[in-house]
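Same order as they appear, the protein sequences are chains A and B.
The opening position of the first sequence corresponds to residue 1 in the working numbering, with each subsequent residue numbered one higher.
The opening position of the second sequence corresponds to residue 1001 in the working numbering, with each subsequent residue numbered one higher.
Careful, some of the hints might be misleading.
[As the list claims (entries may be wrong)] Taking lysine-lysine pairs in the PhoX-like style, the calculated list, with each CA pair at most 25 Å apart, reads:
| # | chain 1 | residue 1 | chain 2 | residue 2 |
| --- | --- | --- | --- | --- |
| 1 | A | LYS17 | B | LYS1167 |
| 2 | B | LYS1035 | B | LYS1017 |
| 3 | B | LYS1138 | A | LYS52 |
| 4 | A | LYS97 | B | LYS1024 |
| 5 | B | LYS1162 | B | LYS1138 |
| 6 | A | LYS138 | A | LYS97 |
| 7 | A | LYS17 | B | LYS1097 |
| 8 | A | LYS24 | B | LYS1017 |
| 9 | B | LYS1035 | A | LYS52 |
| 10 | A | LYS162 | A | LYS138 |
| 11 | A | LYS17 | B | LYS1052 |
| 12 | B | LYS1024 | A | LYS24 |
| 13 | A | LYS35 | A | LYS17 |
| 14 | B | LYS1035 | A | LYS17 |
| 15 | B | LYS1182 | B | LYS1138 |
| 16 | A | LYS138 | A | LYS182 |
| 17 | A | LYS17 | B | LYS1162 |
| 18 | A | LYS97 | A | LYS52 |
| 19 | A | LYS17 | A | LYS52 |
| 20 | B | LYS1024 | A | LYS52 |
| 21 | A | LYS35 | A | LYS24 |
Source of the hints: derived by calculation from the structure; they are not laboratory data.
Number of protein chains: 2
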Amino acid sequence: MNYYPASIRNLIRQIAKLPGIGEKTAERLALHILKAPRRDAEQLAQSILEVKERTQSCSRCHAWSDATVCHICQDASRQIGQLCIVEQPADMVALEKSGAFRGVYHILGGVLSPMNGIGPDDIRIASLLRRIREEDLKEVVIATGTNVEGEATAAYLAEQLKAWPVKVTRIACGVPMGGDLKYVDQVTLKRAMETRHDA
Amino acid sequence: MNYYPASIRNLIRQIAKLPGIGEKTAERLALHILKAPRRDAEQLAQSILEVKERTQSCSRCHAWSDATVCHICQDASRQIGQLCIVEQPADMVALEKSGAFRGVYHILGGVLSPMNGIGPDDIRIASLLRRIREEDLKEVVIATGTNVEGEATAAYLAEQLKAWPVKVTRIACGVPMGGDLKYVDQVTLKRAMETRHDA
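My request is simple: use the sequences and hints to build the entire structure.
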């Protein structure tokens, strides 16, 4: 590292902090930035600062947003009667990419995890119940993960929502598309068989 | 891409401009920066700006430097009688990492390439000859690449330096360490045989 002047060494060190970026890649990227037009480097630095400055949590669904209310909550073409509950903003992005859901979201910001001391008050369940009270919802889709904590959270939410006149569904668990049955784990296969439906 | 607010989209786009970073990796890095402490993001942005601001070309050897004269040219422990000619700053860094050379460098900033219209006046040969005139050099090692242009540049430099009372050497070309002869190309093998030396 002493082969470089301090400013380059510092840039390499900062880049190498990013996940999945090793020393070699950091060196390559730093030298690229060094040789790139000044304007490109300024734009990159500016966009890093801006993302921290401007990105906030949507006041309604808690998704990432540049405004108080995110673009999905503001979108008049969304079916506001359908609400999908996910753990994290990235889960919402994954569902959006699939194009399978045209309703609105509620981001819990985590899952129930008694082992880690995370209870109902630590994730956004209170604001979820407030939305269910105040919004005219037809269906709530619980799309937390299918691991132990995601399942437990889904069960807890289903129980909480029983009191409300709203249809509560759970995203299906089964064999992934293109999946070969012999490579699918037993628990998934068992679930896929249990939740089989008319073809 | 429309799944994200504008500030995140912009950051992903800026990161994806870096070499070897695809859309997926850019997305992962952008989300990491979004979630990372503000101070980390600021340090990264700052280091990007600083590398453009502070890094300059050493007035003597043309290496990357934070000062007018680079840390190698300033280092009193270097053997200033030995000068190694390389194409680019990155070549100097590679040699420094090997630890095999303790002299000083001269960075040409390119190679002769008549095909691309690059002649002796387009790379730093004039300042090289000035250094040879002014500095008390014992040996000049020509360490340009071993491709066609690097070889031609080395031959040109060797010819130019004939007039001066200085020993001129060329970095050796041969079978790489750990190399298996059957996988080495014919030209390299031929050269390795021609330049064989006493064992």
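Consistency of the hints with the structure:
no.: 1; hint: A/LYS17 - B/LYS1167; verdict: violated (45 Å)
no.: 2; hint: B/LYS1035 - B/LYS1017; verdict: holds (21 Å)
no.: 3; hint: B/LYS1138 - A/LYS52; verdict: violated (55 Å)
no.: 4; hint: A/LYS97 - B/LYS1024; verdict: holds (13 Å)
no.: 5; hint: B/LYS1162 - B/LYS1138; verdict: holds (13 Å)
no.: 6; hint: A/LYS138 - A/LYS97; verdict: holds (23 Å)
no.: 7; hint: A/LYS17 - B/LYS1097; verdict: holds (22 Å)
no.: 8; hint: A/LYS24 - B/LYS1017; verdict: holds (18 Å)
no.: 9; hint: B/LYS1035 - A/LYS52; verdict: holds (9 Å)
no.: 10; hint: A/LYS162 - A/LYS138; verdict: holds (13 Å)
no.: 11; hint: A/LYS17 - B/LYS1052; verdict: holds (20 Å)
no.: 12; hint: B/LYS1024 - A/LYS24; verdict: holds (20 Å)
no.: 13; hint: A/LYS35 - A/LYS17; verdict: holds (21 Å)
no.: 14; hint: B/LYS1035 - A/LYS17; verdict: holds (13 Å)
no.: 15; hint: B/LYS1182 - B/LYS1138; verdict: violated (39 Å)
no.: 16; hint: A/LYS138 - A/LYS182; verdict: violated (39 Å)
no.: 17; hint: A/LYS17 - B/LYS1162; verdict: violated (49 Å)
no.: 18; hint: A/LYS97 - A/LYS52; verdict: holds (24 Å)
no.: 19; hint: A/LYS17 - A/LYS52; verdict: holds (17 Å)
no.: 20; hint: B/LYS1024 - A/LYS52; verdict: holds (20 Å)
no.: 21; hint: A/LYS35 - A/LYS24; verdict: holds (17 Å)
Violated hints, in rising order: 1, 3, 15, 16, 17; the structure is consistent with all others.
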